[in-house]
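These protein sequences, in sequence, are chains G and Y. 1 is the number of the first residue of the first sequence in this note's numbering; add one for each residue after it. 132 is the number of the first residue of the second sequence in this note's numbering; add one for each residue after it.
Think of the hints as simulated: they come from the structure by calculation, not from any bench. Predicted, not measured: the structure shown is a model, and the values here were computed from it. We put the beta carbon where it would ideally sit given N, CA and C, even for glycine. There's no promise every hint is true.
To be verified - As a list, the in silico DSS-like pairs of lysine-lysine whose alpha-carbon atoms are at most 30 Å apart: (1) Y/K355 / Y/K284; (2) Y/K323 / Y/K201; (3) Y/K372 / Y/K332; (4) G/K50 / Y/K323; (5) Y/K201 / Y/K372; (6) G/K50 / Y/K322; (7) Y/K372 / Y/K322; (8) Y/K323 / G/K83; (9) Y/K201 / Y/K165; (10) Y/K332 / G/K50; (11) Y/K332 / Y/K165; (12) Y/K355 / Y/K323; (13) Y/K165 / Y/K221; (14) Y/K323 / Y/K375; (15) Y/K284 / G/K50.
What the hints assert, rightly or not - To give a feel for the contact side, a few chain G residues facing chain Y, derived at Cβ under 7 Å: (16) T9; (17) I10; (18) V11; (19) G19; (20) D20; (21) F21; (22) K50; (23) K83; (24) G98.
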Amino acid sequence: MAKNGGGETIVARGVRVEGDFVVEGNIVIEGEVHGTINATGDLQIGPEAKVDADIRAENAVIAGEVHGNMRINAKLDMLPSSKFSGDLAAEILSIGAGAQINGTIRMGVEEPVKPARGKRAAAVVAEEEAE
Amino acid sequence: MYSYFYDTFLQDRKYERDVALLETRLTDLGIMGKITRLALFRDGLEVIRDEIEEGAQTLVAVGDDATFRKAIEAVGDTRTVLGYLPMSNKSVFADLLGIPTGVAACDILSARLVQEIDVGEVNGRRFLHALECEASDAVVSCEDSFTLTIPGKASIAIRNLAFPDDAGVTDPTDGRLSLIIRQSRFSLFGKKSELSKLPFKRAHVFTDRHVNMFVDGGEKLQAKEFDIRAIPGRLRLITGKGRKF
Numbered sequence: 001m002a003k004n005g006g007g008e009t010i011v012a013r014g015v016r017v018e019g020d021f022v023v024e025g026n027i028v029i030e031g032e033v034h035g036t037i038n039a040t041g042d043l044q045i046g047p048e049a050k051v052d053a054d055i056r057a058e059n060a061v062i063a064g065e066v067h068g069n070m071r072i073n074a075k076l077d078m079l080p081s082s083k084f085s086g087d088l089a090a091e092i093l094s095i096g097a098g099a100q101i102n103g104t105i106r107m108g109v110e111e112p113v114k115p116a117r118g119k120r121a122a123a124v125v126a127e128e129e130a131e
Numbered sequence: 132m133y134s135y136f137y138d139t140f141l142q143d144r145k146y147e148r149d150v151a152l153l154e155t156r157l158t159d160l161g162i163m164g165k166i167t168r169l170a171l172f173r174d175g176l177e178v179i180r181d182e183i184e185e186g187a188q189t190l191v192a193v194g195d196d197a198t199f200r201k202a203i204e205a206v207g208d209t210r211t212v213l214g215y216l217p218m219s220n221k222s223v224f225a226d227l228l229g230i231p232t233g234v235a236a237c238d239i240l241s242a243r244l245v246q247e248i249d250v251g252e253v254n255g256r257r258f259l260h261a262l263e264c265e266a267s268d269a270v271v272s273c274e275d276s277f278t279l280t281i282p283g284k285a286s287i288a289i290r291n292l293a294f295p296d297d298a299g300v301t302d303p304t305d306g307r308l309s310l311i312i313r314q315s316r317f318s319l320f321g322k323k324s325e326l327s328k329l330p331f332k333r334a335h336v337f338t339d340r341h342v343n344m345f346v347d348g349g350e351k352l353q354a355k356e357f358d359i360r361a362i363p364g365r366l367r368l369i370t371g372k373g374r375k376f
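Excised from the complex, chain G in its bound form (with noise of 0.2 Å):
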């Protein structure tokens, strides 16, 4: 996971995110969020988050519930601990025994499982596309 000093974002257990969260570096949950998630640094999600989230991040690390679409732009690694549903998109993925997908996964990331639900992220989105 790359590191990038002070300009990580922490959410706590009991703490709960409503909304497009739109986070420049990493980012590390522990406890809830709704919503979208973009972040241009890596994600974790530990093993008590509850995360209902289309999420885009560089690389994450799932230990929690994840329910939503999701594109990670190298390394997805799923703890055994993991659970998610949704569209899965990832250069490299790594599934511990035991974690639980239900969905579709797609390797290499040609092109964008499902634009983000938020307007913000759907900004994000096009951004990239007409690139």
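Once you have looked at the hints, place chain Y on chain G.
Relative to the frame of chain G, chain Y by itself:
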């Protein structure tokens, strides 16, 4: 042109020698300028603003953190360079900016290492260091795009420039503030502190009742709603090499 303003407490006889030493050193370094003494019945902010209007290019606050806070407020949106000569041993700003206490600070002033630093604003009131409050069931709306709901009691801090700790280092030149939320949880294994951290440019803090928000460790604002934003690179400060950023 340097313009110095002395806080009222420096008129006390116990500071006579320190002030004399300071003035001698400033003269030796060739950076002596106009001296204005703040007085009990004169509005300090107005006095400092008058100095800026009269063309002071470098304002130097001589006193303690309260004096420096006044100067930050008075400088506002002008491009006036701000210096600090701390005369009190307990100075948070001096430690953060790497400025020693007393006469030694004159050398930092003379070296004139000017840095453009962000300032924060809460309900129209500027701050350099941090905001702190204790709130319950607070909601924070960030960048008009997402909200954070913080159930139960929490200690909320908004930092611009702070000492490094478990929440990491804050960079007062990145154009953002850091929201730090601390919550205590009790379990069979004892008390555990949970830390949330989020950089932002603009946020609104809503609380269910009036809370005291401490600005830069001093003045307190009492409200149920706080509008907070970062103003990038607004303050031009003379800092020392030992600064904490």
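Tested hints:
With a C-alpha separation of about 15 Å, the suggested pair Y/K355 and Y/K284 falls inside the 30 Å cut-off, and the hint holds. A distance of roughly 38 Å separates the Cα atoms of Y/K323 and Y/K201; the hinted pair therefore is violated under the 30 Å criterion. Taken as a hint, the Y/K372 and Y/K332 pair is honoured in the structure, with Cα atoms around 27 Å apart against an allowance of 30 Å. The suggested pairing of G/K50 with Y/K323 holds, with an alpha-carbon distance near 20 Å, which does not exceed 30 Å.
Among the hinted pairs, Y/K201 with Y/K372 is consistent with the structure: their alpha-carbon atoms are about 24 Å apart, no more than 30 Å. In summary, the hint linking G/K50 to Y/K322 is supported, as the alpha carbons are separated by about 23 Å, within the 30 Å threshold. Distance check on the hinted pair: Y/K372 and Y/K322 sit about 39 Å apart at the alpha-carbon level, beyond 30 Å; violated. Between the alpha carbons of Y/K323 and G/K83 the distance comes to roughly 26 Å, so the proposed pair stays at or under 30 Å and holds.
This hinted pair checks out: Y/K201 and Y/K165 have alpha carbons roughly 18 Å apart, not beyond 30 Å. A threshold of 30 Å between alpha carbons decides the hint, and for Y/K332 with G/K50 the separation of about 26 Å falls inside it, so the pair holds. Under the criterion of a C-alpha separation no larger than 30 Å, the hint pairing Y/K332 with Y/K165 is inconsistent with the structure, at around 38 Å. Only pairs whose Cα atoms come within 30 Å are accepted, and Y/K355 paired with Y/K323 is accepted, the gap being roughly 28 Å.
Pair hint Y/K165 plus Y/K221 holds up; C-alpha atoms about 26 Å apart against a cutoff of 30 Å. For the suggested pair Y/K323 and Y/K375, the alpha carbons sit about 28 Å apart, so the restraint of at most 30 Å is met. Straight-line distance between C-alpha atoms of Y/K284 and G/K50 comes to about 21 Å, which keeps the hinted pair within the 30 Å bound. For G/T9, the interface hint holds, since its Cβ comes within 7 Å of a Cβ in chain Y; the closest pair sits about 5 Å apart.
The interface hint given for G/I10 is met, as the beta carbon of that residue sits about 4 Å from the closest beta carbon of chain Y, less than 7 Å. Because the beta carbon of G/V11 sits about 6 Å from the nearest beta carbon in chain Y, less than 7 Å, this interface hint is met. The interface hint given for G/G19 holds, since its Cβ lies 3 Å from the closest Cβ of chain Y, which is under the 7 Å cut-off. Against a cut-off of 7 Å between C-beta atoms, the interface hint on G/D20 holds, since the closest Cβ of chain Y lies about 4 Å away.
Nearest Cβ of chain Y to the Cβ of G/F21: about 5 Å, under the 7 Å cut. The hint holds. Of the supplied interface hints, the one on G/K50 is violated, with its beta-carbon coming no nearer than about 13 Å to a beta-carbon of chain Y, more than 7 Å. With a cut of 7 Å, the hint placing G/K83 at the interface with chain Y is violated, because the nearest CB-to-CB distance is about 22 Å. For G/G98, the shortest C-beta to C-beta distance to chain Y is roughly 25 Å, which exceeds 7 Å, and the interface hint is violated.
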